[in-house]
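Undergrad: The listed protein sequences derive, respectively, from chains A and B.
Numbering follows the numbering used here, with no gaps: position 75 of the first sequence is 75.
Numbering follows the numbering used here, with no gaps: position 36 of the second sequence is 36.
The set of hints was computed from the structure by calculation and includes no laboratory data.
Please note that the accuracy of each hint is not assured.
[To be verified] In silico DSS-like links for lysine-lysine, alpha-carbon gap of 30 Å or less:
1. Lys-59/A with Lys-25/B
2. Lys-156/A with Lys-3/B
3. Lys-441/A with Lys-104/B
4. Lys-98/B with Lys-358/A
5. Lys-385/A with Lys-304/A
None of these values were measured; they are calculated from a predicted model.
Each chain is listed here by its residues.
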Amino acid sequence: MSETKKYIQSLFTQNQIPVKVNRSKLFEEFTNAAQNISAVNTIKENQDMLKKNWNIQNKVADIMDKQLIIPNGSVNKPYEVTLDFIKAGFNGLKYTAFEGLDKYGLCYNSETQTISGTPTESGDFKIAFQFRIEEEQNDSALNNKTISLVINADPKSLWKEIASDQDKDDAWKAANYWKPDRANDFAGLGTKHLVVASNRGRSHANVGSYRDDDYAFSFLEPVGWSIVCVADGAGSSSFSRKGSRLACDGVIEYFRDNLSAEMLDQFDIDLKQYHEGPNEEASKRISFFVYDNLSKAALYAHKKIEDFAVKTERPVKDFHSTLIFSLYKKYDFGYAILTFGVGDCPIAVINKDLTEVKLMNWLDVGEFGGGTRFITMPEIFTSDKFSTRFGFKLIDDFAYLFMMTDGIYDPKFVVEANLDKMEKWKGFIADLKGENEDNAKVNFSADNNAIANELSAWMDFWSPGNHDDRTLAVIF
Amino acid sequence: MRKLPVYLLLDTSGSMSGEPIEAVKNGVQIMIGSLRQNPQAIETAFISVITFDSTAQQIIPLTDLASFQMVDIKATGVTALGDALKLVASKIDSEVAKTTTEQKGDWKPLVFIMTDGIPTDNWQAGLTEFKKRKTAFTVACAAGSGADTSILKQITDNVVSLDTADSTSIGKFFLWVTASIGVSSSKVEEAGKEVQGLNELPPPPAELNIVV
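Construct the complete structure from the given sequences, taking the supplied hints into account.
TA: As structure tokens, then:
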């Protein structure tokens, strides 16, 4: 029986059209007629086409329903991603392409199914994924699926650099406790040299607010002692920039007015005895001298801020600032170094051979951060830990005495435990001397006139999540 | 680098289907896009999405903003808020680094909860687990009149409510969440400490009622 006849018989049965026995010859002729054979063939072809097309559309819809996740890129960062279509549930693809990638600096290789390039523009983009599945004709219209492509901005480009009212007149600046966004100094200080720089952090630059850090230094000629102070105004206090300034100035002022040669006579003798060998009495007197004088200076700084707060009718906490200061003097038998610290700014002395570090203070850091203490807090003076805030060291000579705010300490040392490790300090010194990705270097030479600017430039290093003000004083 | 972890606990129960769930998806997308433009947030904020319907599921683990990709969410089932609280507690344990002498831990997490209904599971058990974890702050948002603010008040002091769970209100809530994450990320960077409560966050828009 012919295929055509079978088809027509089944069609008639389905439609309850009987073919009587006496019409079987006619039916035979009917099924053999060229026109009818052609009609059946056309029907069958159309049915096949419908099945095939449904199959194609079904598979395409499966792909349309699924999510193709393309990892996010970043501007100026080389990007290369090989797509795994099978894993995404995209089966039976025979042609793939992307439209619009070139606009963002990317291209697609269909052989390797790889998107690569260096993104040029940031944003949330929609790109067209074009494909054909195996069942489709090679010349059929492409299927289009819209896919999200996220290109992140270069984080550095997101930070704004808004100047902090430097064009205002002096009276305005004084009234608003303005200070320059960047400050630095280089000076001979006693028998050593001091280079110090203080840069406004990116988080302040981003909103045009002021630098909260500060520093001050002085050589007290009559007595031969040098003083260096570094202070970090609290980010959450509105006038801490003034607090840090007052704290530094207060300490210098105190020692300038109070440290006299007569007071130092006995101390000089005690230091000599201490150097000559264990001497309990001398040790005790030294400790007392350090405690007595440095605590008075710290209290003086505290009072100075407190008085200022009263005068300006603001709460003292508006002026919160940390404070560290160091005094040093060269004797025949070596350097005496005296320190005080409140807050989270370290003071460290590195010996001449770069083999030993002495951390002069402990840091006020809490378990969850933010546990720092300020010179503006009266309770620090009555706390039983107060006496441990002082440091004393007698050393033949030293290569560096470092004082820094947490803007340097956080990115470079991360945790307090690292401050005791000489290898971390060696790394830090190497970093200062140019071992860093920016090749920024500070040439620690007494006749390098560019040193202060070198230090400022070095302090612009990039460290994600660390955009606080940065102050670093190096005595060498 | 210290992460600022942000957990979003989103109600995807059946009652959220339609406009509310679309508004939530949209809200998260806009939030991520906007935070990506914030230099402090993109460096510190890490976002995780936990959805809860008949069970809770962490659909996006704690992920930095630069690589964050939102996945599709659908509304179905009931409201297993307790399960979600239990899940976020265990994720805080496994995803948030603690401070040791060798490393600086992450910042305390921010938790935002959004629900339009009443918990259908044993939420007190989940809450007990959750309360054992330290967060910088937790904000709960009651979307529409179906939510019970008195239950949310037991989870956190910081409860806000939306009169209706429509796309405008939900959109405003996410804008405020965005601003709050922005403020928190700049605070940890500048002041070195976390935001402690609602009063340190940007003022909520008019659509958000503060529940006292």
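Undergrad: Would you mind marking each hint as holding or not holding in the structure?
TA: So, going through the hints one by one against the coordinates:
{"no.": "1", "hint": "Lys-59/A with Lys-25/B", "in the structure": "27 Å, holds"}
{"no.": "2", "hint": "Lys-156/A with Lys-3/B", "in the structure": "18 Å, holds"}
{"no.": "3", "hint": "Lys-441/A with Lys-104/B", "in the structure": "28 Å, holds"}
{"no.": "4", "hint": "Lys-98/B with Lys-358/A", "in the structure": "28 Å, holds"}
{"no.": "5", "hint": "Lys-385/A with Lys-304/A", "in the structure": "23 Å, holds"}
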